[in-house]
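Peer 1: These are the residues of each chain, in order.
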Amino acid sequence: MSQTVDEAPGAERAALRAGGRRKPSSRRRKEAFYFWLFISPWLIGFVGFLLGPMIASVYISFTEWDSFTPPQWVGLDNYAKALTEDPVFWKALGNTFYYALISVPLGLVIGVWLANLLNKRVRGRKLFRTFIYLPTLVPLVATAMVFKMVLAPSGPLNDLLGWFGVDGPAWLLDPTWVKPALIVLSAWGAGGATVLLLSAMNGIPRELYEAAEIDGAGSWRQFWSVTFPQITPVIFFNLIMGLIGSFQIFSQVYILTAGGPDNASQMIVPLLFREAFSFYHFGYASAVAWLLFLVILALTLVAFRWSRSWVFYEQEVR
Amino acid sequence: MTAAAAKPRTGPGRTRLLSAFKASPATYAVLLVVSAIFFVPFVLMVSISLSSDLTSSQNAFTVIPSEFEWRNFTEVFTATGLPVGRFVLNSVLIATLSAVGQVLSSSLVGYAFARLRAPGKGVMFIIVLATMMIPAQITMIPQFLLFKELGWVNTYLPLIIPNFFTNAFNVFLVRQFVSRISGELDEAAQMDGLGYFGVYRRIILPMMWPILTAIAIFTLTHAWGDFMGPLIYLNSEESMPLALGLQYMTGTSNEMQLPPWNLVMVGSIILTLPMIAIYYLGQKYLYEMNLQGGSAGVK
Numbered sequence: 001m002s003q004t005v006d007e008a009p010g011a012e013r014a015a016l017r018a019g020g021r022r023k024p025s026s027r028r029r030k031e032a033f034y035f036w037l038f039i040s041p042w043l044i045g046f047v048g049f050l051l052g053p054m055i056a057s058v059y060i061s062f063t064e065w066d067s068f069t070p071p072q073w074v075g076l077d078n079y080a081k082a083l084t085e086d087p088v089f090w091k092a093l094g095n096t097f098y099y100a101l102i103s104v105p106l107g108l109v110i111g112v113w114l115a116n117l118l119n120k121r122v123r124g125r126k127l128f129r130t131f132i133y134l135p136t137l138v139p140l141v142a143t144a145m146v147f148k149m150v151l152a153p154s155g156p157l158n159d160l161l162g163w164f165g166v167d168g169p170a171w172l173l174d175p176t177w178v179k180p181a182l183i184v185l186s187a188w189g190a191g192g193a194t195v196l197l198l199s200a201m202n203g204i205p206r207e208l209y210e211a212a213e214i215d216g217a218g219s220w221r222q223f224w225s226v227t228f229p230q231i232t233p234v235i236f237f238n239l240i241m242g243l244i245g246s247f248q249i250f251s252q253v254y255i256l257t258a259g260g261p262d263n264a265s266q267m268i269v270p271l272l273f274r275e276a277f278s279f280y281h282f283g284y285a286s287a288v289a290w291l292l293f294l295v296i297l298a299l300t301l302v303a304f305r306w307s308r309s310w311v312f313y314e315q316e317v318r
Numbered sequence: 001m002t003a004a005a006a007k008p009r010t011g012p013g014r015t016r017l018l019s020a021f022k023a024s025p026a027t028y029a030v031l032l033v034v035s036a037i038f039f040v041p042f043v044l045m046v047s048i049s050l051s052s053d054l055t056s057s058q059n060a061f062t063v064i065p066s067e068f069e070w071r072n073f074t075e076v077f078t079a080t081g082l083p084v085g086r087f088v089l090n091s092v093l094i095a096t097l098s099a100v101g102q103v104l105s106s107s108l109v110g111y112a113f114a115r116l117r118a119p120g121k122g123v124m125f126i127i128v129l130a131t132m133m134i135p136a137q138i139t140m141i142p143q144f145l146l147f148k149e150l151g152w153v154n155t156y157l158p159l160i161i162p163n164f165f166t167n168a169f170n171v172f173l174v175r176q177f178v179s180r181i182s183g184e185l186d187e188a189a190q191m192d193g194l195g196y197f198g199v200y201r202r203i204i205l206p207m208m209w210p211i212l213t214a215i216a217i218f219t220l221t222h223a224w225g226d227f228m229g230p231l232i233y234l235n236s237e238e239s240m241p242l243a244l245g246l247q248y249m250t251g252t253s254n255e256m257q258l259p260p261w262n263l264v265m266v267g268s269i270i271l272t273l274p275m276i277a278i279y280y281l282g283q284k285y286l287y288e289m290n291l292q293g294g295s296a297g298v299k
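Taken in order, these protein sequences are the chains called A and B. If you use the UniProt record's numbering, the first sequence corresponds to residues 1 to 318, in order. If you use the UniProt record's numbering, the second sequence corresponds to residues 1 to 299, in order.
The following block holds chain A by itself, in its conformation from the complex (with noise of 0.2 Å):
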């Protein structure tokens, strides 16, 4: 459909250049005008808001700067102070791994497992589909709350783990639960990545499990075998992204844990925003930024490397 309209210019064109230059250049150049005209809003927001701040920030981050004082230029200081000096950081980016390791794939086996289950001829499916997908519409915030509520020593979970007779932690103030803590948080938000594998097994052409069928394959031969290769592009969409989203952790760990206790859960965005508004170092934060961004494109560009060998795509190339 897009083609026959991209079509059309490309043979005015085509038509143009074979016969000589008989339209008048003015309508093109009119036509350009507008181009740029319309674009305007994004172009300055592009240069006033990202690659201007962009620049600055490489000039910041080799800087030592209060926003006070005048820089001062103390060189690839910030960057070493980050990977040899800071304790925190270091803590602070395990701890990242840590939480984007863990709730990431956690998070695909269980949205996978429910779209799968969802799938099947099931009685009351948008009853079910419903009950699953309601927390993402919840904000971040507010999720927040109710687990910091729920969490809380003599909260609702340890009442719950009471009447088993087990002694719950103190989970956000304990070293070895928060991080947990924070995974299962994550975990309440499965039901985004269970609706697109959902619609994605949706669009699984039928005969191919007739075939299945057919050569003998049961049901979870048939997942293996079938379903699970068509959805691949899915999942490693949703891969990307629960990646590049989890390594920017922020309001949750803001508002349950503030990267206590001892910085058990301190993470680099929250570190970053510690550093950049309560202590006012402008030059080791964006230092901070810069390096978070050169992870995250790492972790981006290995997961795309990994792709080649288990993500299944059509012959036919969109």
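It is possible that part of the hints are untrue.
Claimed, not checked - Mimicking SDA-like on lysine to any residue, the simulated pairs with C-alpha atoms at most 20 Å apart in a straight line are:
| # | chain 1 | residue 1 | chain 2 | residue 2 |
| --- | --- | --- | --- | --- |
| 1 | A | Lys126 | B | Leu281 |
| 2 | B | Lys121 | A | Arg27 |
| 3 | B | Lys148 | A | Arg274 |
| 4 | A | Lys126 | B | Lys148 |
| 5 | B | Lys22 | A | Glu207 |
| 6 | A | Lys179 | A | Leu108 |
| 7 | A | Lys120 | B | Val33 |
| 8 | A | Lys30 | B | Gly193 |
| 9 | B | Lys22 | A | Asn116 |
Don't read these hints as lab results, they were simulated from the structure. For clarity, every value in this text was computed on a predicted model and none was experimentally measured.
We have chain A; now place chain B onto it with these hints.
Peer 2: Using the frame of chain A, we list chain B on its own:
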């Protein structure tokens, strides 16, 4: 359509179900348990919001409150010592103006990328796509310093104004959507002497509303729930949106004192309900957006 395709193969009665689609009792058991677990936080949110103050008395928590304290829903506006009504108003204001800004700017820019021809357009579009990869943390600090320089700190402007300059994702969505609209109509309109702005205003804009509704919903949801932006830029209680105000509600003067959880939960419900309502009203348009963005994102 799959059912129709399968029909001729079957004998009398219902279509034979492929084993991959057979729901066993275990399927139902798992779905019931998982749905229940996913629903528990909602139950707790509502039950605590209707409980009496758990901080002052020695009231233990019960799933069904011994007495339903409906007055919590009015007390949240008066008893917290914070301008909670103002919080809600601020949220509405910031979210609405942000959505207006995104709709206006993304429709204009997306239209230009889909329809107008100009040298350098291809490069510009690649830049649009490339900017999607820049994490917000990179630009956060210089942006803050810029807005501070402009005297915008502690106003809504840093949260609203950037939306009038659109963002890459929305430009991409609109561009994809408009590319799928046949070009015949606007060509005919141009023959009739309508200028480029006229074509945008009279022909394309009226056809864009499904994607613009999706963008509006997306922006509303995002701005409504945003926590970090207000946290950076707003520090007076009068100017805070509800998402940030809730955090202040949990702050207590004394370390040992518990926050007024019942009122915080009322606040959380007030923060959540509009999002659920908007989702259900606009569901089909969000599907449109998945169609435009999701399929492109997969590959």
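Peer 1: Has the given pair, B:Lys121 with A:Arg27, been kept, meaning a C-alpha gap of at most 20 Å?
Peer 2: At roughly 17 Å apart (the allowed maximum being 20 Å), A:Arg27 and B:Lys121 satisfy the hint.
Peer 1: If you draw a straight line from the CA of A:Lys30 to the CA of B:Gly193, is it 20 Å or shorter?
Peer 2: holds, 14 Å
Peer 1: Does the alpha-carbon distance linking A:Lys126 and B:Lys148 stay inside the 20 Å limit?
Peer 2: At roughly 49 Å apart (the allowed maximum being 20 Å), B:Lys148 and A:Lys126 break the hint.
Peer 1: Starting from B:Lys22, check that the Cα of A:Asn116 is at most 20 Å away, please.
Peer 2: With a Cα-Cα distance of about 11 Å, the restraint between B:Lys22 and A:Asn116 holds, given a limit of 20 Å.
Peer 1: A:Lys179 and A:Leu108 were given as a pair; does the straight-line alpha-carbon distance stay at or below 20 Å?
Peer 2: Holds, at about 18 Å.
Peer 1: Would the pair B:Lys22 and A:Glu207 pass a check requiring their Cα atoms to be no farther apart than 20 Å?
Peer 2: Measuring from Cα to Cα gives roughly 16 Å; hence the hint holds.
Peer 1: Against the 20 Å threshold, does the CA-CA distance of B:Lys148 and A:Arg274 hold or violate the hint?
Peer 2: With a Cα-Cα distance of about 18 Å, the restraint between B:Lys148 and A:Arg274 holds, given a limit of 20 Å.
Peer 1: Compare the distance between the alpha carbons of A:Lys126 and B:Leu281 with 20 Å, and conclude whether the hinted pair is satisfied.
Peer 2: holds, 16 Å
Peer 1: Verify the proposed pairing of A:Lys120 with B:Val33, using a straight-line Cα cut of 20 Å.
Peer 2: holds, 17 Å
Consistency note: the structure conflicts with earlier hint 4 alone.
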